[in-house]
Amino acid sequence: MTGEFDPHYIQGRYESETTKINQLSKPNQETINDFLTNYTHERKAPGLCRKYFLARALRQFAEALGDQPLTPLGTDKIRQIIKHFEQKERKEGREPNLQTWKGRIKDLRILIKWCNPKEYPNMLLELKDEMKTGNPYGPEANKKRKLRIENFLITEERFLKLLNAGNTQEKALVAVGYGMGPRAGEVLGLRRRDVLFNPENKSASIDFIESKTTPRRGILLEPTLAGFLAVWFEESPKKDPNDFVFLVQKNGFRPMTEKALSDTLHRIAVKAGLGKWKKHKTNNRFYYNQYDGEPVFWTMFRRSHVTWCLKNMKNMAVALKRTHGNESSSMAKVYSAMLFDDSNEAYAETVGLTNPKNGKALDSPKTCFKCGSRYPANASLCLKCNLSLDPTALISEQTRSEARMLELEETVRGMQLLLNAEVKRP
Numbered sequence: 318m319t320g321e322f323d324p325h326y327i328q329g330r331y332e333s334e335t336t337k338i339n340q341l342s343k344p345n346q347e348t349i350n351d352f353l354t355n356y357t358h359e360r361k362a363p364g365l366c367r368k369y370f371l372a373r374a375l376r377q378f379a380e381a382l383g384d385q386p387l388t389p390l391g392t393d394k395i396r397q398i399i400k401h402f403e404q405k406e407r408k409e410g411r412e413p414n415l416q417t418w419k420g421r422i423k424d425l426r427i428l429i430k431w432c433n434p435k436e437y438p439n440m441l442l443e444l445k446d447e448m449k450t451g452n453p454y455g456p457e458a459n460k461k462r463k464l465r466i467e468n469f470l471i472t473e474e475r476f477l478k479l480l481n482a483g484n485t486q487e488k489a490l491v492a493v494g495y496g497m498g499p500r501a502g503e504v505l506g507l508r509r510r511d512v513l514f515n516p517e518n519k520s521a522s523i524d525f526i527e528s529k530t531t532p533r534r535g536i537l538l539e540p541t542l543a544g545f546l547a548v549w550f551e552e553s554p555k556k557d558p559n560d561f562v563f564l565v566q567k568n569g570f571r572p573m574t575e576k577a578l579s580d581t582l583h584r585i586a587v588k589a590g591l592g593k594w595k596k597h598k599t600n601n602r603f604y605y606n607q608y609d610g611e612p613v614f615w616t617m618f619r620r621s622h623v624t625w626c627l628k629n630m631k632n633m634a635v636a637l638k639r640t641h642g643n644e645s646s647s648m649a650k651v652y653s654a655m656l657f658d659d660s661n662e663a664y665a666e667t668v669g670l671t672n673p674k675n676g677k678a679l680d681s682p683k684t685c686f687k688c689g690s691r692y693p694a695n696a697s698l699c700l701k702c703n704l705s706l707d708p709t710a711l712i713s714e715q716t717r718s719e720a721r722m723l724e725l726e727e728t729v730r731g732m733q734l735l736l737n738a739e740v741k742r743p
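Numbering (this note's numbering), first residue to last: 318 to 743.
Do not take every clue at face value.
What the hints assert, rightly or not - Below are the PhoX-like pairs computed for lysine-lysine, each with C-alpha atoms no more than 25 Å apart in a straight line:
| id | residue 1 | residue 2 |
| --- | --- | --- |
| 1 | 567 | 555 |
| 2 | 478 | 598 |
| 3 | 337 | 423 |
| 4 | 588 | 556 |
| 5 | 445 | 683 |
| 6 | 394 | 435 |
| 7 | 394 | 478 |
| 8 | 400 | 445 |
| 9 | 638 | 435 |
| 10 | 430 | 419 |
| 11 | 445 | 419 |
| 12 | 405 | 638 |
| 13 | 596 | 567 |
| 14 | 419 | 337 |
| 15 | 400 | 430 |
| 16 | 361 | 478 |
| 17 | 628 | 595 |
| 18 | 423 | 435 |
| 19 | 337 | 687 |
| 20 | 593 | 567 |
| 21 | 430 | 343 |
| 22 | 337 | 430 |
| 23 | 638 | 519 |
| 24 | 638 | 368 |
| 25 | 529 | 576 |
| 26 | 593 | 405 |
| 27 | 478 | 445 |
| 28 | 361 | 419 |
| 29 | 405 | 423 |
Hints are computed from structural coordinates only; laboratory data are not their basis.
The task is simple: from the sequences and hints, build the whole structure.
Okay, structure coming up:
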């Protein structure tokens with residue numbers, strides 16, 4: 318940024334959003350303004366930042382409906398809003414973003430609950446399929462899930478693009494990140510004395526001392542990637558063993574910071590054709606450049622290497638010992654979520670299953686219409702109510718109830734006739 322940061326930036330964004338809201342139709346203006354004035358969560362009014370995002374979401378929902386008013390809000394309008402955003406993203410060629418979709422669905426649920434508090438549960442049940450469109454873990458969204466995982470990993474193709482686009486130091490940085498997966502603090506705190514090169518097999522052995530958990534010593538880097546690090550060692554302007562490996566040229570050569578690391582990765586990505594610099598302007602007319610393109614940040618290198626270790630090394634304990642320094646790291650459950658498909662394939666291969674991907678989808682569980690208990694799809698009788706779980710059982714039960722009521726009414730009518738006859742008898 319070329320000037321001082323504006324602390325009232327979000328206030329200006331909110332005022333700009335209210336101006337856009339005032340350009341909508343009058344019914345939608347009144348609905349949105351009433352919502353922003355009276356909405357509370359857990360008896361607390363939202364802060365300015367949350368209020369701005371809610372105002373923007375409601376304005377986008379109103380624009381998606383065109384000339385139609387937001388209220389009364391029915392399921393048809395909700396489907397129209399969801400379809401509008403899906404078509405817009407598909408038209409612009411965007412990749413599905415889980416975080417954006419979750420936020421949009423959350424705001425949509427808030428609006429449904431605000432407009433129809435009594436019908437809110439029934440509307441959610443009716444819109445269950447539409448509200449799960451962006452879920453990357455469901456069987457119906459397998460392609461989106463794989464696409465999301467690729468966005469959080471450095472593939473070999475992307476790694477080669479980054480490697481070929483960088484200078485000598487940037488090549489060494491990308492090689493260490495892809496081949497070893499260190500944390501940002503570990504690679505920024507790396508000193509020349511912590512790196513040893515093996516002249517026989519051309520590999521490198523690195524000690525990560527500046528670690529937030531367990532220091533890791535003697536971590537190997539394969540010869541191909543170690544070669545890029547060796548070239549940078551020769552060309553580096555700092556030769557003292559206590560000097561840092563990765564530097565930034567600012568008033569002389571200084572140790573690279575986290576901000577400089579992020580800017581370096583974005584600069585490499587722009588040179589590799591993965592993104593571009595986009596100019597933005599603040600409310601007080603300061604311009605700054607922001608990276609716009611495929612996500613490239615340091616944690617992706619760590620995720621990629623940990624995922625590779627969990628896939629290819631002997632067992633999880635050995636993989637975690639290389640990447641985390643101990644065999645019982647709780648971070649395994651975070652990275653193992655990316656290996657769901659691979660674990661299924663490994664299990665199928667172990668037990669002798671063939672072609673597991675073409676299996677039949679499981680039937681949905683059954684629910685008792687009286688007590689609400691859930692049972693497997695092959696169950697036929699509720700253990701609590703002793704009633705059938707067949708969907709037609711509800712109709713037959715209602716028919717029996719109506720027949721019993723009619724029979725009871727006939728009995729009561731007959732008793733009344735007998736009583737009237739007894740009263741009239743002389």
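How the hints compare with the structure:
1. Among the hinted pairs, residue 567 with residue 555 is consistent with the structure: their alpha-carbon atoms are about 14 Å apart, no more than 25 Å.
2. For a cut-off of 25 Å, the pair hint linking residue 478 to residue 598 is broken: about 31 Å separates their Cα positions.
3. Between the alpha carbons of residue 337 and residue 423 the distance comes to roughly 22 Å, so the proposed pair stays at or under 25 Å and holds.
4. Distance hint between residue 588 and residue 556 is unfulfilled; the C-alpha atoms sit about 28 Å from each other, more than 25 Å.
5. Note on residue 445 and residue 683: the hinted pairing holds, with a Cα-Cα distance of about 16 Å set against a maximum of 25 Å.
6. Between residue 394 and residue 435 the CA atoms are separated by roughly 17 Å; this keeps the pair inside 25 Å, and the hint holds.
7. Distance restraint check for residue 394 and residue 478: the Cα-Cα separation of roughly 45 Å exceeds the 25 Å cut-off, and the hinted pair is therefore not satisfied.
8. For the given pair, residue 400 sits about 14 Å from residue 445 by alpha-carbon distance, which is consistent with the 25 Å threshold.
9. With a C-alpha separation of about 54 Å, the suggested pair residue 638 and residue 435 falls outside the 25 Å cut-off, and the hint is violated.
10. Only pairs whose Cα atoms come within 25 Å are accepted, and residue 430 paired with residue 419 is accepted, the gap being roughly 17 Å.
11. With a CA separation close to 14 Å, the supplied pair residue 445 and residue 419 stays within the 25 Å bound.
12. A hinted pair counts as satisfied when its Cα atoms are at most 25 Å apart, and residue 405 with residue 638 does not qualify at roughly 46 Å.
13. Using a Cα cut-off of 25 Å, the hinted pair residue 596 and residue 567 holds, with the two alpha carbons roughly 23 Å apart.
14. Of the supplied pair hints, the one linking residue 419 and residue 337 holds, its CA atoms being roughly 24 Å apart against a limit of 25 Å.
15. For the hint linking residue 400 to residue 430, the alpha-carbon distance of about 20 Å falls within 25 Å, and the restraint holds.
16. With a CA separation close to 49 Å, the supplied pair residue 361 and residue 478 exceeds the 25 Å bound.
17. For the hint linking residue 628 to residue 595, the alpha-carbon distance of about 37 Å lies beyond 25 Å, and the restraint is violated.
18. Only pairs whose Cα atoms come within 25 Å are accepted, and residue 423 paired with residue 435 is accepted, the gap being roughly 18 Å.
19. Distance check on the hinted pair: residue 337 and residue 687 sit about 49 Å apart at the alpha-carbon level, beyond 25 Å; violated.
20. Taken as a hint, the residue 593 and residue 567 pair is honoured in the structure, with Cα atoms around 24 Å apart against an allowance of 25 Å.
21. Note on residue 430 and residue 343: the hinted pairing holds, with a Cα-Cα distance of about 22 Å set against a maximum of 25 Å.
22. For the proposed pair residue 337 and residue 430, the alpha carbon gap of about 24 Å is at most 25 Å, so the pair holds.
23. With a CA separation close to 23 Å, the supplied pair residue 638 and residue 519 stays within the 25 Å bound.
24. As the CA atoms of residue 638 and residue 368 are separated by approximately 45 Å, the hinted pair breaks the 25 Å bound.
25. Restraint check: the Cα-Cα separation between residue 529 and residue 576 comes to about 18 Å, which is no more than 25 Å; the hinted pair holds.
26. Restraint check for residue 593 and residue 405: satisfied, since their Cα atoms lie roughly 22 Å apart, inside the 25 Å limit.
27. Pair hint residue 478 plus residue 445 does not hold up; C-alpha atoms about 41 Å apart against a cutoff of 25 Å.
28. Our distance criterion of 25 Å between C-alpha atoms is met by residue 361 and residue 419, whose separation comes to about 22 Å.
29. A C-alpha spacing of about 19 Å is found between residue 405 and residue 423, which places the hinted pair at or below 25 Å, so the restraint holds.
Consistency note: the structure conflicts with the earlier hints numbered 2, 4, 7, 9, 12, 16, 17, 19, 24, 27.
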